[in-house]
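Fit chain W to the given chain G structure using the hints.
Sequence order for the protein chains is G and W. If you're matching positions, the first sequence starts at 424 in our numbering and goes up one per residue. If you're matching positions, the second sequence starts at 131 in our numbering and goes up one per residue.
Don't read these hints as lab results, they were simulated from the structure. Any given hint could be a false lead.
Below 35 Å or equal to it, Euclidean Cα-Cα: the simulated DSBU-like pairs (lysine-lysine) are [to be verified]:
{"#": "1", "chain 1": "W", "residue 1": "K200", "chain 2": "W", "residue 2": "K212"}
{"#": "2", "chain 1": "W", "residue 1": "K287", "chain 2": "G", "residue 2": "K480"}
{"#": "3", "chain 1": "G", "residue 1": "K480", "chain 2": "G", "residue 2": "K673"}
{"#": "4", "chain 1": "G", "residue 1": "K563", "chain 2": "W", "residue 2": "K200"}
{"#": "5", "chain 1": "G", "residue 1": "K673", "chain 2": "W", "residue 2": "K287"}
If you anchor each label on the Cβ, the simulated ranges turn out as follows [said to hold, decoys possible]:
{"#": "6", "chain 1": "W", "residue 1": "Y432", "chain 2": "G", "residue 2": "P596", "range": "31 to 39 Å"}
{"#": "7", "chain 1": "W", "residue 1": "V426", "chain 2": "G", "residue 2": "R536", "range": "56 to 64 Å"}
{"#": "8", "chain 1": "G", "residue 1": "F477", "chain 2": "W", "residue 2": "S441", "range": "47 to 55 Å"}
{"#": "9", "chain 1": "G", "residue 1": "F477", "chain 2": "W", "residue 2": "R217", "range": "42 to 50 Å"}
{"#": "10", "chain 1": "W", "residue 1": "F211", "chain 2": "G", "residue 2": "R536", "range": "34 to 42 Å"}
Selected chain G positions facing chain W (Cβ under 10 Å, derived; list incomplete) [claimed, not checked]:
{"#": "11", "residue": "Y452"}
{"#": "12", "residue": "T465"}
{"#": "13", "residue": "L469"}
{"#": "14", "residue": "F473"}
{"#": "15", "residue": "L475"}
{"#": "16", "residue": "V538"}
{"#": "17", "residue": "L541"}
{"#": "18", "residue": "V555"}
{"#": "19", "residue": "P556"}
{"#": "20", "residue": "T557"}
{"#": "21", "residue": "N609"}
{"#": "22", "residue": "N640"}
{"#": "23", "residue": "F642"}
{"#": "24", "residue": "T657"}
{"#": "25", "residue": "S683"}
{"#": "26", "residue": "F694"}
The C-beta atom is built at its ideal place from N, Cα and C for all residues, glycine as well.
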Amino acid sequence: MAARPGAAAVPRRSWFLTGVMGLMLVYAYLPLLWLIISSTKTQRSLISSFGLWFHGKFALWDNVRDTMTYDDHSFVRWFGNTLLYVVAGAGGATVLATLAGYGLAKFAFPGRRAVFSLVLGGIAVPATALAVPTFLMFSKLHLTNTPWGVIIPSMVSPFGMYLMWIFSRDAVPDSLLEAARIDGANEFQTFRIVSLRLLTPGIVTVALFTVVATWNNYFLPLIMLNDPNWYPLTVGLHQWNNQANTISAKPVFNLVVTGSLLTIIPITACFLSLQRYWRSGLAAGSVKQ
Amino acid sequence: MAIVIQEPVDTAGAPRPVVARPKPGAARRSWVGWAFVAPFLVVFLFAIVAPIGYATYLSLYREQLVGGRKFVGVDNLVDAFKDSQLRSSFGRVALILVIQVPVMIVLAAAIALAIDSGRLAGARLFRISVFLPYAVPSVIASLMWGFMYGDQFGLVKSINSDLGWHLPSPLSDTWALPAIGNIITWEYVGYNMLIFYSALRVIPTELFEAAALDGASQWRIARSIKLPALRPAIAIATIFSIIGTFQLFNEPNILKTLAPNVISTFYTPNMYAFNLSFAGQQYNYSAAIALVVGVVTAVCAYVFQRSAARSEA
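Just chain G, same shape as in the assembly (with noise of 0.2 Å):
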């Protein structure tokens, strides 16, 4: 990004200030550039040797064929759960808070200005403070240790309805949806057809956020779930770390640095593509109104 075009006419470049950041860009790959270094590790020289080197045999192929294999593919399991929460659970929510969202923004209707303040109250409230109350309700229905469990909590996102409003109210024009109505459309075939396309960047926004929040989601799993057949990666992943102090001792941590490496990349892949979108989106929910 260059400078805007009035932005104090080309600034001159500075290096120190190029300088300066470059640290901040050591302290943002620094973890990262251990984990890869790590990956390539056998479990003996993981420990043995400097972080941040690579040192002994390189191991990483074998350690990504050990981590899909271990426990009898528990890895490839949970990365199956984890797609599955993050399709019906980050899926469902971006659903719901499109429709309400718009719903909110394009129609009066009776009783709107309760539900709006209901869900603006809804953000405030802490996902992590109602986990526990939500298990304790849930397992008195018997959703725990099922994946309804983790996906019907990840499919509520009042923040991502918020951005929807603020997107339907901006972006869809009132007289385009008067027009549709004079054509003869009702309500849902005009919002199939004009408005979705208009609600596009936003929707992608608020996609990527909860796709985000439920791919790396651990408290809300690691509560409702017992049994490992149903973990997500995140879950799955502390479990293997915490083997090394079971009384069984079976540190696994070659396995630990590559399973987090596999996990990363398909969510930073999704985030570094569709950049452009969330950006925009970014923009305009949570500042520019």
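Using the frame of chain G, we list chain W on its own:
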């Protein structure tokens, strides 16, 4: 509690009519809007409102060895206020709140200003790189930093033995909290930076042109135009950080594996509520703690928002 988000709407001076006064014609008064809102609302009521209600109900009872479940009114809440473990856990998140949050916000604002100044070579790379850690799950962030912190086999140990330094263990009593603060900063500084950067990008260019005509320096522009423009964004980011800090759980819970003697089961309020439920089976008291955490969070966010709004005026 609605304050949190309404604030930017008000201060931005944006038209806030959609709720207050529906535009005539466009939004006709009919029930069809409910069809759009209802699915969200059903899940919202089930997954957010109902658990709060259930927790409130639970907090009014106590399980007893003799006599089973008994109504005790606000006794659990009274106990919570007298509980020294809960108080110490609040003390630790309060430290994070007054030290780590300001450091992170200032750092994020400084980076955003630096990237926006146009004086960096490779600004794009900086923007993406600083943001990247946000995509890393906090579990993995804590695992990585935890490995590096290790003075038994981690980076700290390597530095101490190879260079002959005597770095203190980051996972010791004194340094555990700063070590956790560092992980949180690493995870979220880029996210906050991006919010601030977006706020800077929408400043009308005429302002800069006028300032340039007046011969204002870059510093002057940053101080008089950019910083004031950042205020609403900083307020939002701070409120989200306050909420996030009180919820602290993942990072200490992961590091606990490495430092079980330093990081207790009541290290943060949330860990306390979790361990009461899952290790102690004290569901009623745990529900009361969860309520206290929620209320304290909301009150802090509200107080901050009020004082931010007042200094704005």
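Hint-by-hint comparison with the structure:
no.: 1; hint: K200(W) / K212(W); verdict: holds, 21 Å
no.: 2; hint: K287(W) / K480(G); verdict: holds, 22 Å
no.: 3; hint: K480(G) / K673(G); verdict: holds, 21 Å
no.: 4; hint: K563(G) / K200(W); verdict: holds, 18 Å
no.: 5; hint: K673(G) / K287(W); verdict: holds, 22 Å
no.: 6; hint: Y432(W) / P596(G): 31 to 39 Å; verdict: holds, 36 Å
no.: 7; hint: V426(W) / R536(G): 56 to 64 Å; verdict: violated, 28 Å
no.: 8; hint: F477(G) / S441(W): 47 to 55 Å; verdict: holds, 53 Å
no.: 9; hint: F477(G) / R217(W): 42 to 50 Å; verdict: holds, 48 Å
no.: 10; hint: F211(W) / R536(G): 34 to 42 Å; verdict: holds, 35 Å
no.: 11; hint: Y452; verdict: holds, 7 Å
no.: 12; hint: T465; verdict: violated, 14 Å
no.: 13; hint: L469; verdict: holds, 8 Å
no.: 14; hint: F473; verdict: holds, 5 Å
no.: 15; hint: L475; verdict: holds, 7 Å
no.: 16; hint: V538; verdict: holds, 6 Å
no.: 17; hint: L541; verdict: holds, 8 Å
no.: 18; hint: V555; verdict: holds, 5 Å
no.: 19; hint: P556; verdict: holds, 3 Å
no.: 20; hint: T557; verdict: holds, 4 Å
no.: 21; hint: N609; verdict: holds, 8 Å
no.: 22; hint: N640; verdict: holds, 8 Å
no.: 23; hint: F642; verdict: holds, 5 Å
no.: 24; hint: T657; verdict: holds, 4 Å
no.: 25; hint: S683; verdict: holds, 4 Å
no.: 26; hint: F694; verdict: holds, 5 Å
Comparing the model with each numbered hint stated earlier shows that hints 7 and 12 do not hold.
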